[in-house]
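S.K.: All chains should be built: construct the whole structure from the sequences, respecting the hints.
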Amino acid sequence: MVLLLVILAGAVIAWAVGIPPLAEIRTLVARAGWAGPVLYAGLYAGLALTPAPAGVLSITAGILFGLPTGLGVVLAGAVVGAALAFGLARALGRDAVRRLDNARLQRLDALVRRRGLLAVIGVRLVPLVPFTTLSYACGLTAVRPRDYLLGTAIGILPAAAAYVTLGATGAEPGSVPFLVALGGLAVLALAGVWLGRRNAVRTRAVTERTPTP
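Note that my numbering numbers the sequence shown so that position 204 is 204, with each residue one more than the last.
In short, the hints are calculated from the structure, not lab data. Every residue, glycine too, gets a C-beta built ideally from N, C-alpha and C. Hints are supplied without guarantee of correctness; some may be wrong.
What the hints assert, rightly or not - Each pair of labels, with its calculated beta carbon distance range:
1. Gly42 <-> Arg107: 29 to 35 Å
2. Val129 <-> Gly93: 47 to 53 Å
3. Ala191 <-> Arg144: 22 to 28 Å
4. Gly72 <-> Ser175: 20 to 26 Å
5. Leu67 <-> Leu150: 45 to 51 Å
6. Leu179 <-> Trp34: 28 to 34 Å
M.R.: Have a look at this one:
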């Protein structure tokens with residue numbers, strides 16, 4: 001929700017101060033040809049390994065490339081970056097987690113493996129949960145790489161589309177696409193909170209079936 005307020009404030013400031021027309025910005029970017037989207041996707045992937053805010057990067061892609069190119073750039077960069085973070089965590093920390101002698105943790109790990117795709121989609125739908133944190137955390141679990149990558153691509157699609165739309169239409173903060181995208185992010189945030197609480201209750205019920213030694 002804080003990010004939504006920042007976006008609104010930025011849009012108001014941009015409208016009041018004045019920014020170059022989007023057409024002019026995209027004309028400059030278009031001169032770079034195919035290199036522009038590829039380089040930005042690579043930058044996005046690299047920054048996805050750090051705490052850099054994914055929402056801001058996605059909005060910037062919308063400003064630079066518009067729709068639908070900006071969305072394609074964001075999805076490519078985000079999935080590649082998520083895969084790299086997942087791979088690092090899996091290689092460096094998974095064995096340590098597997099060796100932990102904790103019955104509840106083992107049950108949770110087994111649950112994530114069985115329902116990996118749905119679990120990843122669920123957590124990725126929450127725009128307020130740090131993207132990078134989830135990527136590394138998933139690498140420490142038993143979720144299958146296939147389920148993780150597919151779940152990431154599906155789960156981030158709604159929020160990514162909304163953020164890119166905000167960037168693409170940011171020069172007109174009162175436009176219907178801008179308002180719809182902003183409303184969509186608010187709905188995703190609320191739905192994410194509800195889903196998170198629901199999953200927490202279910203997970204607690206599963207893990208508490210086995211007492212801790």
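S.K.: Against the earlier hints, flag every one the structure doesn't satisfy and list their numbers going up.
M.R.: The structure conflicts with hints 1, 2 and 5, although it agrees with all the remaining ones.
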